[in-house]
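Reconstruct the complex from the two isolated chains, following the hints.
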Amino acid sequence: MSLRRRKLDDERNESINVSPLIDVVFILLIFFIVSATFVSVPGVEIKRPDALTAESLKKNSVLFALSEKDEIFHAGKRVGLEEIPRLIEVASKNRPKPVVIQVDQWADAALMSEMVAKARGNAPSVSIATRKSQ
Amino acid sequence: MTAKRSNPNSEDLEINVSPLIDMVFILLIFFIVATSFVNEIGISPKHKDSTQTISDSPPLSFELTGSGRIMRNGALIQLSEIAPIVKTSSSGENQSVLVKVYPGARAGLATQVMDRALLGGAKAVKLSPMAR
Numbered sequence: 001m002s003l004r005r006r007k008l009d010d011e012r013n014e015s016i017n018v019s020p021l022i023d024v025v026f027i028l029l030i031f032f033i034v035s036a037t038f039v040s041v042p043g044v045e046i047k048r049p050d051a052l053t054a055e056s057l058k059k060n061s062v063l064f065a066l067s068e069k070d071e072i073f074h075a076g077k078r079v080g081l082e083e084i085p086r087l088i089e090v091a092s093k094n095r096p097k098p099v100v101i102q103v104d105q106w107a108d109a110a111l112m113s114e115m116v117a118k119a120r121g122n123a124p125s126v127s128i129a130t131r132k133s134q
Numbered sequence: 135m136t137a138k139r140s141n142p143n144s145e146d147l148e149i150n151v152s153p154l155i156d157m158v159f160i161l162l163i164f165f166i167v168a169t170s171f172v173n174e175i176g177i178s179p180k181h182k183d184s185t186q187t188i189s190d191s192p193p194l195s196f197e198l199t200g201s202g203r204i205m206r207n208g209a210l211i212q213l214s215e216i217a218p219i220v221k222t223s224s225s226g227e228n229q230s231v232l233v234k235v236y237p238g239a240r241a242g243l244a245t246q247v248m249d250r251a252l253l254g255g256a257k258a259v260k261l262s263p264m265a266r
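First to last, the sequence lines map onto chains A and B.
Using the numbering used here, the letters of the first sequence map in sequence onto residues 1 to 134.
Using the numbering used here, the letters of the second sequence map in sequence onto residues 135 to 266.
With the rest of the complex left out, here is chain B (with noise of 0.2 Å):
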């Protein structure tokens, strides 16, 4: 008799948890809209740990003009010659490279030189804009 008694008693106490899974369904699809998983791959111009130990050298120069050429003291050469030029004339360990951008050059361009820098071996590239 007790134990059927206490059957009833328990159903009452039951929890309606519809309204909480509601709940918690929203802030699920909330949460999921606004994730955005932004994952980029790109180059770093500097690389952080090097910025105190760079060479007191002048940095190797390269000028970017505003026709899309690359000129190396006063010369044109080519995208692939930057990475030789690097890695040869690179004074130890900690070569920093100078990009001198004038204005009118394609930003895909100062990139690539940036990247063919890095390749080469180059610790650091630093871009200067230069005035028309």
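If we strip away everything but chain A, and leave its shape as in the complex, we get (with noise of 0.2 Å):
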């Protein structure tokens, strides 16, 4: 047997099969695909407050924060607070989306009633994020 010959076997031989590993990954890019909803936060650090009857919230929502300093912030940006129902328009298209609002407990609160009145006009449901007291 040649050098030559032999050379051709191992490799022939040392070949992967890639139809598993195409499987598998095929399975993973379509379920992120299918979970995937684009959800853009606002992209502030927020202090939530306690709530006893904090429930799940809805999962494609439109998320507004208001921070410490009493800024609102959507989607990484600083907005005003008169444009959240155009940006709760241009979020939801054609499907209305609920509105969650995270909201730092020292922000004002006159200001997140506000909020909440501005965007209810919009939205079939407005929530408040809150973290579950122990």
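In case anyone wonders, no lab produced these hints; they're calculated from the structure.
Please note that the accuracy of each hint is not assured.
[Said to hold, decoys possible] In silico BS3-like pairs for lysine-lysine, Cα to Cα no more than 25 Å straight-line:
| hint | chain 1 | residue 1 | chain 2 | residue 2 |
| --- | --- | --- | --- | --- |
| 1 | A | Lys93 | A | Lys77 |
| 2 | A | Lys47 | B | Lys260 |
| 3 | A | Lys59 | B | Lys260 |
| 4 | B | Lys221 | A | Lys47 |
| 5 | A | Lys97 | B | Lys180 |
Predicted model, so just to flag it, every value in this text is computed and none were measured.
Right, here's the structure in full:
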């Protein structure tokens, strides 16, 4: 047996069967495509208030944040109070989405209630994000 | 002889899957990175199914002053008193609660007032911002 012939045989034996790998990767890919909702997070650190009646909120919702310094954030940008109805309209396109407001516990409550009032006109429901109190 | 010839033929027809795997991996990584599993818990001040059936009776109202006090009919009350007040004065099933918020009150306190009102059985809690 020549040296060249043996080398060819070895190479053929060493090749990995990639079909199961492709199967698994495709399944993962489809899972992530289906579960991708592309929620744009407000992108600001929020200290949520405690609540006893907190329940799980709808996943696919429009998020707003009210920071400690009374600034409103949406999708990583600072926005004004007047822009809220327009932003909800843009985010929900033709299917109305619920609105979740992440409120810092030291933010101004009057501003929070104005945000809720503004959002209510364009959303089926407006919720306030909290954490479960121990 | 024919079988031997067909072997190299089928080997030539085999598709090179490496670029496919590359592309699929890139797509996979994109979707993994782009997927954000936002899982919030929170309170909904107004229950969707009860908006039509809220009783006509004037809602219970609480006031939240700028200095962080909770008032009811001009009297100072504690946070823990809200749930019993809502429970005892509930007129029928669909009690709604109005929280008048004055500028300067903390959102954490307003959220807790709403939370206690919901705990007391309120079907809807409305926040109303008050002018200075």
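Against the structure, the hints come out as follows:
1. Lys93(A) x Lys77(A): This hinted pair holds, its Cα atoms lying about 19 Å apart.
2. Lys47(A) x Lys260(B): holds (23 Å)
3. Lys59(A) x Lys260(B): holds (23 Å)
4. Lys221(B) x Lys47(A): Roughly 30 Å between the alpha carbons, so the hint for Lys221(B) and Lys47(A) is violated.
5. Lys97(A) x Lys180(B): holds (16 Å)
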